[in-house]
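Participant: Here's the letter readout for the chains.
Number of protein chains: 2
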Amino acid sequence: MFEKYFSERIKNTPSSFIREILKVTQNPEIISFAGGLPNPISFPQEELKVSMNRIAEMYGAKIYQYSTTLGLDSLRQYIADRYKKIWNMNITIDNVIITTGSQQALDLIGKVFINKGDNVMVEKPSYLGLIQSFCVYEANFVTTKLNDDGLDIEDLRNTLKTHNPKLAYLIPNFQNPTGLTYTQENRKKVFEEIKDKDMLLIQDDPYGELRFEEGERIPYIGLNQTEKNLYLGSFSKIVTPGMRLGYIIANKEIIKMLETAKQAADLHSNIFGQYLISDYLYNNDLDKHIEKIKALYKSQANAMVSAMEEFFPSNVKFTRPKGGMFTWVTLEEGKDVMKLFDKAIQRQVAFVPGHPFYVNPINVNTLRLNYTNADSDTIKTGIKRLAEALKEI
Amino acid sequence: MFEKYFSERIKNTPSSFIREILKVTQNPEIISFAGGLPNPISFPQEELKVSMNRIAEMYGAKIYQYSTTLGLDSLRQYIADRYKKIWNMNITIDNVIITTGSQQALDLIGKVFINKGDNVMVEKPSYLGLIQSFCVYEANFVTTKLNDDGLDIEDLRNTLKTHNPKLAYLIPNFQNPTGLTYTQENRKKVFEEIKDKDMLLIQDDPYGELRFEEGERIPYIGLNQTEKNLYLGSFSKIVTPGMRLGYIIANKEIIKMLETAKQAADLHSNIFGQYLISDYLYNNDLDKHIEKIKALYKSQANAMVSAMEEFFPSNVKFTRPKGGMFTWVTLEEGKDVMKLFDKAIQRQVAFVPGHPFYVNPINVNTLRLNYTNADSDTIKTGIKRLAEALKEI
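Protein chains in written order, with the numbering used here: chain A, 1 to 393; chain B, 394 to 786.
Quick caveat, the hints were computed from the structure, so don't treat them as lab data.
Keep in mind that this is a model prediction, so the values were computed, not measured.
Take the hints with a grain of salt, since some may be wrong.
Unchecked claim - Derived DEER-like restraints, expressed as beta-carbon distance ranges:
{"no.": "1", "chain 1": "B", "residue 1": "E413", "chain 2": "A", "residue 2": "K116", "range": "25 to 35 angstroms"}
{"no.": "2", "chain 1": "A", "residue 1": "N88", "chain 2": "B", "residue 2": "E413", "range": "26 to 36 angstroms"}
{"no.": "3", "chain 1": "A", "residue 1": "Q184", "chain 2": "B", "residue 2": "D474", "range": "24 to 34 angstroms"}
{"no.": "4", "chain 1": "B", "residue 1": "E413", "chain 2": "A", "residue 2": "P219", "range": "29 to 39 angstroms"}
{"no.": "5", "chain 1": "A", "residue 1": "S74", "chain 2": "B", "residue 2": "K554", "range": "33 to 43 angstroms"}
{"no.": "6", "chain 1": "B", "residue 1": "P421", "chain 2": "A", "residue 2": "D81", "range": "49 to 59 angstroms"}
{"no.": "7", "chain 1": "B", "residue 1": "K416", "chain 2": "A", "residue 2": "K116", "range": "51 to 61 angstroms"}
Glycine included, every Cβ here is placed at the ideal spot set by N, Cα and C.
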């Protein structure tokens with residue numbers, strides 16, 4: 001009835017595949033590897049309860065009043081300080097804007113940079129929320145293949161040459177959906193290719209803090225070497241996602257435009273949540289808390305990889321993540337993952353078929369598995385079920 | 394340096410004038426009638442503190458986890474029930490989507506309905522946040538004059554005939570910026586004009602609950618007579634704005650599209666805040682709380698109107714609001730309100746010049762005054778200062 005009123009942009013925006021799947025997986029008998037939920041054990045509930053009562057005492061009405069678009073100064077300061085400490089970045093709070101989760105960061109970037117038809121480079125496969133978000137701004141996606149060590153440099157060169165993208169969106173650490181991480185060498189090569197191009201680079205990093213296997217943090221692509229980088233971060237995976245708090249770090253001129261976009265989008269992010277998270281961060285040891293999450297996710301990831309090694313046929317490939325929340329499974333060439341999905345649901349195990357992670361999903365034989373929201377025994381049972389389903393396609 | 398990367402949409406979006414003014418008014422010596430802040434006395438702080446501890450006990454990790462895009466069911470149910478009760482609307486929670494404040498409702502509506510160049514009808518003057526928000530989607534604004542009793546019907550007829558707008562955006566109760574309310578008769582006439590047109594009507598109603606003068610609530614335009622209405626509401630002015638919780642009530646088909654737009658915008662609104670406000674609403678008497686706010690605002694509005702009557706020259710006109718947060722002042726034809734603004738700042742009183750409320754601000758001789766965020770004595774002092782400034786232009 002309302003079809004004629006809807007905008008072209010929204011008609012071309014995919015509704016979230018995952019959220020459709022979640023409806024199928026409401027059945028509590030189903031073991032779901034479909035979502036991307038942090039393990040609730042990782043939320044510092046007791047500490048947050050202390051903080052919420054403290055901010056109510058300390059700040060009174062301020063935690064309920066309208067506030068500034070850029071976000072709470074103390075929270076922006078914490079973020080600036082942390083990035084200065086870890087990455088030696090030369091930034092102040094003027095380089096930081098708080099967003100309503102990382103998803104809003106993507107929306108604001110779309111608002112600020114994308115004209116209809118602008119070329120935007122993404123990994124193949126890429127984060128479905130980004131594809132959805134930039135669809136709204138009618139971006140033209142161009143892709144670069146993702147290998148085990150990062151971007152395929154040959155493919156990157158071709159993409160840059162052929163399409164001259166205005167923006168690139170990359171997730172260099174424990175990528176969603178593949179779980180892959182760009183090596184230091186790959187990052188250097190990528191930067192060599194892009195540094196003289198007329199292009200801004202967005203590095204989305206919700207999982208970077210969650211490295212549970214040996215090895216150090218690897219610096220961002222072009223870190224401290226260019227003003228054309230935007231860095232996205234989030235408290236969703238290390239404190240709580242329900243508060244919807246993420247941020248963008250960028251050149252001040254860009255932050256100013258993002259501020260205008262955010263005024264138009266939601267005026268400002270929930271200020272209670274900003275006071276709460278800020279109070280939590282200044283009164284607790286975030287790194288110690290993250291260690292607990294990492295230990296948990298390490299055991300869950302190991303449980304999943306071991307079970308796949310034990311039960312999956314050898315022609316099924318999968319990534320072995322060193323951090324983050326996902327592993328990416330590739331079936332034999334020619335297999336239809338939707339067929340597997342139907343069989344899997346019959347056997348009461350769910351996952352996300354690869355489709356929503358591609359700009360043009362055709363002949364999809366890949367799928368994403370999440371391991372953070374089930375215990376190790378459940379993971380083993382679920383993978384066994386999936387292995388049975390694999391025999392039926 | 395980044396100019397070439399910015400989108401056309403954002404280059405044409407005005408940054409918020411008010412937020413610029415707020416920087417001028419940081420000086421505590423300045424009496425500010427510029428903002429649109431609820432009086433902090435109106436926040437039910439003690440009750441919210443009880444609620445936050447209760448939800449932490451009752452729901453545990455759920456108040457921190459990812460949640461659904463449409464919003465918390467209990468909160469949507471409360472809204473549906475309230476509108477059913479007050480307006481006899483035939484709706485369920487499927488007709489309700491929670492938004493990150495009413496400002497996000499505007500952004501989502503822009504995403505879902507506006508193609509570049511689509512005609513959107515707004516009041517003259519209109520809410521600056523709407524103008525900003527729809528600018529991002531490159532709407533073409535057309536205006537209809539606002540009179541003391543509502544829309545100018547002759548002008549409405551012309552606008553509809555000449556421009557055939559796809560959307561109309563109206564604030565029928567205690568309008569921002571004018572404080573005016575459409576009479577019942579005017580609403581009926583407006584509906585007669587629009588009902589057969591190919592147009593959706595958005596009625597934004599953040600202030601409707603705040604009627605502090607005699608009289609009953611006046612039904613929405615076309616209430617229960619059309620599926621082409623979208624109703625916007627908010628908890629910002631009756632509970633707390635800092636939580637950023639608003640909502641849209643509409644046909645289910647429209648809600649479904651808004652859901653896709655919201656997935657792309659921020660996945661979902663802060664879930665802690667939704668549990669908190671929901672718990673507050675179910676465990677307290679909202680209407681009783683609203684009575685307190687209304688008594689407060691009534692005395693503040695009266696203080697402002699009385700002071701204007703006493704001190705302003707007779708060629709300065711102003712509205713006498715029966716509710717809401719604002720009054721609208723019109724200077725003599727030909728006077729420049731920016732000149733008054735400069736003089737007023739020198740005398741340490743601030744307001745919002747009319748400019749940002751117009752689509753094409755030229756020869757602006759109007760200004761908005763807010764009375765909710767200062768006590769009656771301060772209001773009187775501020776109006777006296779403004780009267781002095783008026784003598785100097």
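Participant: Indicate, hint by hint, whether the structure satisfies it.
Facilitator: Hints, one by one, checked against the model:
1. B:E413 - A:K116: 25 to 35 angstroms: holds (30 angstroms)
2. A:N88 - B:E413: 26 to 36 angstroms: Cβ of A:N88 to Cβ of B:E413: about 34 angstroms, so the range 26 to 36 angstroms holds.
3. A:Q184 - B:D474: 24 to 34 angstroms: violated (57 angstroms)
4. B:E413 - A:P219: 29 to 39 angstroms: holds (38 angstroms)
5. A:S74 - B:K554: 33 to 43 angstroms: violated (54 angstroms)
6. B:P421 - A:D81: 49 to 59 angstroms: violated (29 angstroms)
7. B:K416 - A:K116: 51 to 61 angstroms: Between B:K416 and A:K116, where Cβ atoms are some 34 angstroms apart, the hint is violated.
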